[in-house]
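In terms of numbering that gives the first Met the number 0, the sequence shown opens at residue 0 and continues consecutively.
Source of the hints: derived by calculation from the structure; they are not laboratory data.
Virtual Cβ for every residue (Gly too), placed ideally from N, Cα, C.
It cannot be assumed that every hint is accurate.
[To be verified] Computed list of lysine-lysine pairs in DSSO-like fashion (alpha-carbon distance at most 27 Å, straight line):
id: 1; residue 1: Lys196; residue 2: Lys91
id: 2; residue 1: Lys14; residue 2: Lys263
id: 3; residue 1: Lys91; residue 2: Lys106
id: 4; residue 1: Lys236; residue 2: Lys263
id: 5; residue 1: Lys98; residue 2: Lys236
id: 6; residue 1: Lys106; residue 2: Lys236
id: 7; residue 1: Lys263; residue 2: Lys91
id: 8; residue 1: Lys98; residue 2: Lys68
id: 9; residue 1: Lys196; residue 2: Lys263
id: 10; residue 1: Lys68; residue 2: Lys196
id: 11; residue 1: Lys263; residue 2: Lys106
[Stated by the list, open to error] Label-pair restraints from in silico Cβ distances:
id: 12; residue 1: Pro237; residue 2: Asn192; range: 20 to 28 Å
id: 13; residue 1: Gln52; residue 2: Gln284; range: 39 to 47 Å
id: 14; residue 1: Asn109; residue 2: Asn17; range: 35 to 43 Å
id: 15; residue 1: Leu12; residue 2: Gln284; range: 35 to 43 Å
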Amino acid sequence: MSSFFTHLLRVLLEKEDNVSEIRLFDKHTNPGMQDQSTGTVNVINVCVETGIQYLVYTSSMEVVGPNVKGDPFIRGNEETVYNVCHEMPYPKSKADAEKLVLDANGKKVNGGACLYTCALRPTGIYGEQHQLMRDFYQMGMRTGGWLIRGLPQSTEHGRVYAGNVAWMHLLAARSLQGRPHIMGGEAYFCYDNSPYKSYEDFNMQFLSRFNFREVRLPLWLLWVVAWLNDLLHFLLKPVWRYTPLLNRYTLAVACTSFTISSDKAQRHFQYSPLYDWDQARARTQSWVNTFAHSTAKES
0 MSSFFTHLLR VLLEKEDNVS EIRLFDKHTN PGMQDQSTGT VNVINVCVET
50 GIQYLVYTSS MEVVGPNVKG DPFIRGNEET VYNVCHEMPY PKSKADAEKL
100 VLDANGKKVN GGACLYTCAL RPTGIYGEQH QLMRDFYQMG MRTGGWLIRG
150 LPQSTEHGRV YAGNVAWMHL LAARSLQGRP HIMGGEAYFC YDNSPYKSYE
200 DFNMQFLSRF NFREVRLPLW LLWVVAWLND LLHFLLKPVW RYTPLLNRYT
250 LAVACTSFTI SSDKAQRHFQ YSPLYDWDQA RARTQSWVNT FAHSTAKES
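Work out the full structure, taking the sequences as your base and the hints as a guide.
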């Protein structure tokens with residue numbers, strides 16, 4: 000289960016008294032179900048047919064950017080004008096799905112009531128059970144304690160703790176029922192007070208305890224590797240699922256500054272982080288500290 004959904008399940012169980020049912024779907028789905036928009040159409044249709052009135056959609060910052068041109072988005076909010084252009088399947092599919100959800104706001108459902116919808120856009124999620132953090136640790140172990148760096152030092156990204164993303168979903172679900180004419184059809188960035196840093200610097204805050212050393216490679220070399228990885232992914236697709244961490248899309252995202260400065264969620268449904276930065280850092284670090292023990296057991 001992903002970091003966000005683990006936290007969402009915990010928050011629902013601990014903070015919400017009106018939960019009647021929680022359904023968890025398979026993490027590994029049929030390839031035919033990978034299109035975000037197709038699944039979203041099915042969810043909306045079920046809402047209409049069964050008379051469900053409220054739908055909170057987990058979107059992503061990537062419905063906005065970073066775009067393929069590398070245009071920075073610095074301290075932006077939901078109203079910031081930005082050149083949105085998608086080429087990769089994930090952000091394009093996610094953007095299509097979000098539009099379907101928001102366009103469905105006000106749609107009549109069975110019984111005559113209206114469907115009210117909103118979308119939440121997390122920035123880079125981190126926290127316990129976040130697989131990418133474990134992947135970076137394992138990469139450092141495979142290279143004998145070296146971690147590769149190469150991003151521009153001026154790059155910064157907004158990060159948000161998974162527990163706060165889960166909390167924001169719960170608050171949005173509650174408030175959408177009481178303030179549908181304010182929240183209906185709206186999108187909200189997920190944010191907290193985690194520091195703005197590059198992905199490399201942010202991750203090293205937690206991985207530094209393992210005494211990893213850093214080696215800086217020229218950015219052009221990373222682009223060459225990213226192109227080669229994309230080529231291998233294409234060539235091997237019929238026989239093997241080759242999914243490297245580094246590809247052209249992930250490198251473009253990592254090289255482009257994208258940070259959020261918004262109070263829309265606070266204004267519309269009184270969101271404030273459940274965990275401050277010190278708490279989020281401590282909880283994440285406690286989990287990261289278990290990596291060495293897990294590796295020893297596996298060996």
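(request) Please write out, lowest number first, the hints stated earlier that are contradicted by the structure. (result) When the structure is compared with the hints, numbers 4, 5, 6, 12, 14, 15 turn out to be violated.
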